[in-house]
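If you want the building blocks of each chain, they are given just below.
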Amino acid sequence: MARIFAYIVHKAGVPDDSAFELAAAARKIDGAASPTAILTGWGADLDAACKTLGASYPEIWKIANEALAYPNAELVRKALVKVLPSGSIVLVPHEHFGIDLAPGLSIKTNSAFVSDVLDIAGVEGADLKVVRQEFGGQVSAHVRCDISSGAVVTIRPGAFKAGEAASGGGLVVDKSNEVGALAAGRRYLETVVAEAGDVDITKYNVLVSIGRGIQEKDNVAIAQELADAMGAAVSCSRPVVDAKWMEKSRQVGSSGKTVKPKVYLACGISGSFQHLAGLKGSPFLIAINKNPKAPIFQVADVGIVDDILEFLPELTNKVREMRSVA
Amino acid sequence: MEILVCARRVPDTSENEIQLNSAGDDIERDELVYSINEADNYAVEEALQIVARVGGNVTVATVGGEDDEEILRREMAMGANHGVMISDEAFSGSDGRGIATILKAFVQKGHYDLILTGIQAEDGGAQVGGMLAALLDYPFASLVNSIEVLEGKKLKVSREIAGGNKEMNEIDLPCVLSIQTGINEPRYVGMKGIRQVASVPIPTFSASDLGLGANAVGEAAAKVKRVDYFVPALGKGAEILRGTREENINKVLELVAAKGGLK
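In order, the protein sequence lines correspond to chains A and B.
Letter 110 of the first sequence, counting from 1, is numbered 98 in my numbering, and no numbers are missing.
To convert a position in the second sequence, counted from 1, into my numbering, add 23.
Bound conformation, chain A alone (with noise of 0.2 Å):
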């Protein structure tokens, strides 16, 4: 069996929680694999980082280069072209980094390449066999991929549960020198922080949250009736924003906002991993869709098959008549 590693993301001296995630994933392909973790950087955030990993993996090749301070996608996949011995199967974490760096990683070690793997069926023959979402996470597929002149994997963000430190011992290989100078079509300029927004939804206990079933911009003030009439908060789903129906701050979502609500309305929302990735702390979670097959209703704790456009108006007309009352 080919020799695995895992790409460690990590900022500030800290490695992502997808590097414990890798390694799970690893020892699923090859039990008896003692997964190696690569990682670039500089200075002393990537020593941190390496002696973190240390816990997890026996053993940790660095790669040291004042270019790669700022992870630039294409400055790392030269890097990593001179050091990876050929035939080998290198597992990325599948978010914006690695959505960046993988593909072409993958053509310039002539290996295969599978994305946004959930888990791994096993390995038969020369064919890693590996399960993957299609349609939204409406259904899922079996992928075969010939991993004999090695592969590039892109591993789903908790997706693995990383596991006890099986196997740590943390032997750190300085393999900087391999790597020489570097330069890119591509330059990094800077981090544009988010705005802000008129309404924080990450403080609110209960969020009215929408999806592509509202349908249209006007309809949005149907959730906002009921979120007033319940002192909530209306938050959205990416398509939402996407069509500019609401803002940027509203949406929950790996690319938008974690919110920590006790309870969580989704309504018109289909419930793709990304949306799910911005729920935490385990909200009760309340599902409304007219489509009964949709992803959500895995996931909920409470599921209406309806249609939100008629459903949310006599929901808030109850809460309204219930206010009134007390």
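The set of hints was computed from the structure by calculation and includes no laboratory data.
Here a beta-carbon is modelled for each residue, glycine too, at the ideal position from N, C-alpha and C.
Careful: at least some of the hints might be erroneous.
[To be verified] Once the Cα atoms are required to be at most 25 Å apart in a straight line, the calculated DMTMM-like pairs of lysine to aspartate or glutamate come out as:
no., chain 1, residue 1, chain 2, residue 2
1, B, 179, A, 183
2, B, 248, A, 183
3, A, 278, B, 269
4, A, 117, B, 251
5, B, 215, A, 204
6, A, 278, B, 270
7, A, 250, B, 277
8, A, 232, B, 35
[What the hints assert, rightly or not] FRET-style restraints, in silico, Cβ to Cβ:
no., chain 1, residue 1, chain 2, residue 2, range
9, A, 19, B, 43, 25 to 33 Å
10, A, 312, B, 40, 33 to 41 Å
11, B, 45, A, 19, 34 to 42 Å
12, A, 187, B, 88, 41 to 49 Å
13, B, 52, A, 179, 41 to 49 Å
14, B, 224, A, 301, 46 to 54 Å
15, B, 248, A, 309, 56 to 64 Å
16, B, 270, A, 308, 27 to 35 Å
On the provided structure of chain A, position chain B as indicated by the hints.
Chain B in isolation, oriented as in the chain A frame:
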């Protein structure tokens, strides 16, 4: 600026319930509504807006078959100058790398300053743009949610990163960008617009036109193959309320209050 947009026709998940066929080897495709992949449509709109600012042409290309021509016509009705069909029996069964290899051969037949793809297809792997860039040795940026044309054959682009933050980059042309949904507001296309481009010729490129051998693309070259589709065993799953609407509303209110949501 000469801009190429690589687009695909896919089943529209917002319009369809996706179900398995009886053999379990594919989804049930008979009744599906197909449309242009959503992110690809944003890419075409972005290309049109760039050309409106700095001049140039927009070409939309797809690797597919006869049925896929409708999305080329649709994007031409939006304003794309050219539609191109890249089609050959030898292409069927291509994996992401195979599609990127086909597109590379097509790109090298022309002169494009900028190549755009959608970030991901409904049944895709967010892969072709990055692979195409690497095959061409062009710079690449993914998850792009704004583009500004700078002097000196460069762009300033922002990438969508975690928490709604934006990573700003400068990137040299020619380059490949994969476009995130929401970057713009794609213009509406009416039936009239589509009728107006109905008879515009769409050139077709085959494997031999592009100098592609059968061993470089298609099923034989594919290292990645989907074996089957399945519906995963549910977790706990929601408790579905099956009462009348009024009963369900009362239950929801009871639950919201019990969980500390109503004061």
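- Item | Restraint status (C-alpha distance of residue 278/A to residue 269/B at most 25 Å) | 16 Å, holds
- Query: Is 27 to 35 Å right for how far apart the beta carbons of residue 270/B and residue 308/A are?
  - Reply: 19 Å, violated
- For the pair supplied as a hint, residue 248/B and residue 183/A, confirm whether the alpha-carbon distance does not exceed 25 Å. Between residue 248/B and residue 183/A the Cα gap is close to 42 Å, so the pair fails against 25 Å, i.e. violated.
- Query: Is the distance from the Cβ of residue 312/A to the Cβ of residue 40/B consistent with 33 to 41 Å?
  - Reply: 40 Å, holds
- Would you mind confirming whether the straight-line C-alpha gap from residue 250/A to residue 277/B stays at or under 25 Å? Holds - the C-alpha atoms of residue 277/B and residue 250/A are around 14 Å apart, at most 25 Å.
- Message: Next pair to validate is residue 278/A with residue 270/B; report whether the Cα-Cα distance is within 25 Å.
- Response: 17 Å, holds
- Could you see if the CB distance from residue 224/B to residue 301/A stays within 46 to 54 Å? The hint (46 to 54 Å, Cβ to Cβ) holds, given that residue 224/B and residue 301/A are roughly 51 Å apart.
- Query: Cβ-Cβ distance between residue 248/B and residue 309/A: within 56 to 64 Å?
  - Reply: 58 Å, holds
- Message: So if I understand the rule, the pair passes when the alpha-carbon distance is 25 Å or less; does residue 117/A with residue 251/B pass?
- Response: 11 Å, holds
- Between residue 215/B and residue 204/A, does the CA-CA distance stay at or below 25 Å? Holds, at roughly 23 Å.
- Confirm or reject the claim that residue 187/A and residue 88/B have a C-beta distance inside 41 to 49 Å. Given a distance of about 48 Å, which is inside 41 to 49 Å, the answer is holds.
- Query: So the hint says 25 to 33 Å: do the beta-carbon atoms of residue 19/A and residue 43/B match that?
  - Reply: 31 Å, holds
Hints 2, 16 from the earlier list are contradicted by this structure; the remaining hints agree with it.
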